[in-house]
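Visitor: Residue 1 is where the sequence shown starts when you use full-length UniProt numbering, and the numbers rise one by one after that.
Keep in mind that the hints were calculated from the coordinates and are not lab data.
Hints are supplied without guarantee of correctness; some may be wrong.
Said to hold, decoys possible - Subject to a maximum C-alpha distance of 30 Å in a straight line, what follows is the list of computed BS3-like cross-link-like pairs (lysine-lysine): (1) K406 to K198; (2) K279 to K353; (3) K741 to K724; (4) K202 to K647; (5) K446 to K427; (6) K443 to K353; (7) K178 to K311; (8) K301 to K159; (9) K673 to K650; (10) K639 to K652; (11) K680 to K627; (12) K178 to K114; (13) K493 to K426; (14) K268 to K159; (15) K167 to K143; (16) K268 to K618; (17) K311 to K493; (18) K198 to K493; (19) K143 to K307; (20) K95 to K150; (21) K279 to K268; (22) K268 to K443; (23) K650 to K607; (24) K114 to K198; (25) K128 to K307; (26) K114 to K128; (27) K701 to K551.
Said to hold, decoys possible - Estimated spans, in silico, between C-beta atoms of each pair: (28) I511 to E449: 46 to 56 Å; (29) G562 to K485: 29 to 39 Å; (30) T120 to D403: 17 to 27 Å; (31) D468 to K201: 24 to 34 Å; (32) T492 to E382: 36 to 46 Å.
Idealized CB from N, CA, C, for every residue including glycine.
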Amino acid sequence: MVDNSEKFYMDLQEAIDGVPKEDMIVLMGDFNARISQPQHSTTSRIMGPFTVDVQNENGERLIDFCTTNNLVVSNSFFQHKSVHQTSWMHPGTMKWHLLDYTLIIEPTLLDQIKPASLSTMEQHRQDKEPTLDEVQQALQQMKNRKAPGKDNVTAELLKAGGIPVIKWLHEIFVDIWKNEQMVADWTLAIIIRLYKNKGDKKICDNYRGISLLVVASKIFTRVILNRIQLLIDKQLLEEQAGFRTNRSTIDQVFILKMVMEKTRELNKPLHMCFIDIQKAYDSINRDLLWKICRQYGLTEKTVQMLKLVYKNTRAQVRINGELSEVFDIETGVMQGGIPSPVLFNIVFDFIIKKVLEQCSVEGVTFAYGSTDFYHGARDKFENFDILALMYADYLVALTQTLDDLKLFIKIFENVTQAYGLTMSVKKTCVMSMQQFKEGINGKIVKNQEVDIPDIEIIIRNQKIETVDSFSYLGCWVCRDQRPDKEIESRLTKSATAFNMLRNVIWYRKTISIEAKLRIFRACVLPVLLYGSEVWSLTAVQENRISTFYMKCLRTILGLNLGDRVANITIVQLSGQPSIENLMRRNRLRWFGHANRMENENGPHLGKKIMFSYFPGEKRPTNTGIRKRWENKIMDDIEKFDIKNWRKDTKDKGRWREIINRHVTMNPVPSNIKSIIQEFKDLSKKRRAEELAISHGKPQRKATEVLVKDCHNRYDCPNCKKKFKPQGITGHIRVCATHWCKKNNIKIWKK
């Protein structure tokens, strides 16, 4: 049997269901319900903090009803004296209660986004018609050698047209601006697929769709973007580095690795979640986008022009030269469009700010004082937090407790879902940094890690994976913070890039050595040294990089190890700087860039984290001898004989001149081919002499004569020390020369 209270709410629900969705709902009356402060902590969206009662059963029922129908208890959001809030006195207890409520429909998410107030000058700046200078600037900003759209007109062709083409484009742009009607062909995109270089090639999700647009439409949107770029940049969070001036992936990699390094130094806990957004650019709700654009200071005219670009957008997919049928695109911002990255940044920035509002998590707290690596006891400092780092739609959350991390992920999931974005659980990973137990004396206990409970984070019935390493923006980060995996990855990728050109370039005798070296510097070195700005390697790791570098130079010159040409000679012949100096140059170049990073609000986040520290805390004395990044910087400064880095880094031109002195490239000798041939002839002569010494018997390798043990090691026949296969040969040539001659082992001629 249904009681009176249930019947009341059933009838009320039936009445509300009959109200058109576009109508405003206001309910006023005596609900005979009491709501309380504890309910506010769990339903802050529905009710405010200003209540006077203890919750009863009808109070629970009222809140459930409001939650179901998106209603808000409005009189709980305004603070009044208790005597003004209560409306009925209990005849038995003589205590006053609040039973009368005003319920109103909760504003939709779009309705809550209000446009910004703009000055008349800013309004005029954005609303004025495009000028010839703006069109010319936009055309010059277009990159050459980019695929054209449906009309096959390239940027180079338009640039070659000079002033007449600029005037022609200007007339079209002004006509669009006045009449607010877009050229039909400009809204048609040709979509091509690009493999992401990971995952099964048969799975569609492992490809990225790029929209090829008509170049003239891209110039039009470039004019708009040039007007709003600075305005948007000032409002974006400092933690966002994607598609912003003077920012790159290295900014975020550097900040992340500095956070990891400084927390490891003091053996502090650190938990991270690498979050990926599923089809981020294609999932943007355009109505939401225009609302947010207005809130970020774009005028109605500017928004209308952007609407024209994305209104009635159509696309065709091109595969193997064939085009599909035309289909409509009603959501998202097209990847390949000029304003698309900035528009996505606006939406993502808005969402992250909403997450931070609802999330009471601080992240990792550091202190920033003087712009130096050394901090005295009197150093004045201010604290700053790092909770999230973003590069476009890639986000990494940083917290010092697992509970904070779980809370952030939960709120992030709720907010992104509410605004139309979806977290890709399959590509999202959690990682906890290695932390050791500490003894009573404050020293860490070697090889005894702090027990970290199983990280159980469930999103949409899927568990987020826990990993020991993750490739963040192309650089590997590991929980033990050792760079071995990153070095292995760099060597593998650069070796692949080098070997792809082996038969095409390096072995071609018709291509000059100078041209080969230029190709090497353009195609292989950037792959090898990507992320080297933040490396703090050991001598062994640097030697691995150097070995690969020298191997490449030998191949380009046409020499091999059997020719026995010293590394210093190879470097002199090729005219290339040493790889050690190149790595030092990259580190110091980044160091100078970070030290100059300032904005109108003070030092940039990259500069803060570089000079940050934990005041009053000392690191354990037995954490090992692993070098920090700042130690490597000081070593580099000493090696390059830089006297006053504090002053020199402030002058970009001066700093660049100083650090480039040690990586200058010398011209290749004009007679290099004859020099290489001389080395080849000497090598051939030496081999003939060695063969004569062995009386015609074929010489053997040391590993063919010696017997390895169960650990794949060999004993030196002279000193009895154990060596790996790659080390025994070089050792016995020096240590056991007599044994080598006796057993006909190949040795170097003294």
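Visitor: Run every hint past the structure and note whether it holds.
Guide: Hints, one by one, checked against the model:
1. K406 to K198: 28 Å, holds
2. K279 to K353: 21 Å, holds
3. K741 to K724: 22 Å, holds
4. K202 to K647: Violated. K202 to K647 sits at ~55 Å, over the 30 Å cutoff.
5. K446 to K427: With Cα atoms ~33 Å apart, K446 and K427 exceed 30 Å; violated.
6. K443 to K353: 40 Å, violated
7. K178 to K311: 17 Å, holds
8. K301 to K159: The hint holds at about 28 Å.
9. K673 to K650: 45 Å, violated
10. K639 to K652: 20 Å, holds
11. K680 to K627: 42 Å, violated
12. K178 to K114: Roughly 26 Å between the alpha carbons, so the hint for K178 and K114 holds.
13. K493 to K426: Holds, at roughly 25 Å.
14. K268 to K159: 56 Å, violated
15. K167 to K143: 20 Å, holds
16. K268 to K618: At roughly 11 Å apart (the allowed maximum being 30 Å), K618 and K268 satisfy the hint.
17. K311 to K493: The hint is violated at about 42 Å.
18. K198 to K493: Holds, at roughly 13 Å.
19. K143 to K307: Between K143 and K307 the Cα gap is close to 25 Å, so the pair holds against 30 Å.
20. K95 to K150: Violated - the C-alpha atoms of K150 and K95 are around 77 Å apart, more than 30 Å.
21. K279 to K268: Violated, at about 35 Å.
22. K268 to K443: 13 Å, holds
23. K650 to K607: 13 Å, holds
24. K114 to K198: At roughly 42 Å apart (the allowed maximum being 30 Å), K198 and K114 break the hint.
25. K128 to K307: Judged against 30 Å, a Cα distance of about 17 Å means the pair holds.
26. K114 to K128: 23 Å, holds
27. K701 to K551: 22 Å, holds
28. I511 to E449: 46 to 56 Å: Distance hint for I511, E449 holds at roughly 53 Å.
29. G562 to K485: 29 to 39 Å: 32 Å Cβ-Cβ, so the 29 to 39 Å window holds.
30. T120 to D403: 17 to 27 Å: Since T120 and D403 have Cβ atoms about 50 Å apart, the given range 17 to 27 Å is violated.
31. D468 to K201: 24 to 34 Å: At 27 Å between Cβs, range holds.
32. T492 to E382: 36 to 46 Å: Once the Cβ atoms are compared, 43 Å apart, the range 36 to 46 Å for E382 and T492 holds.
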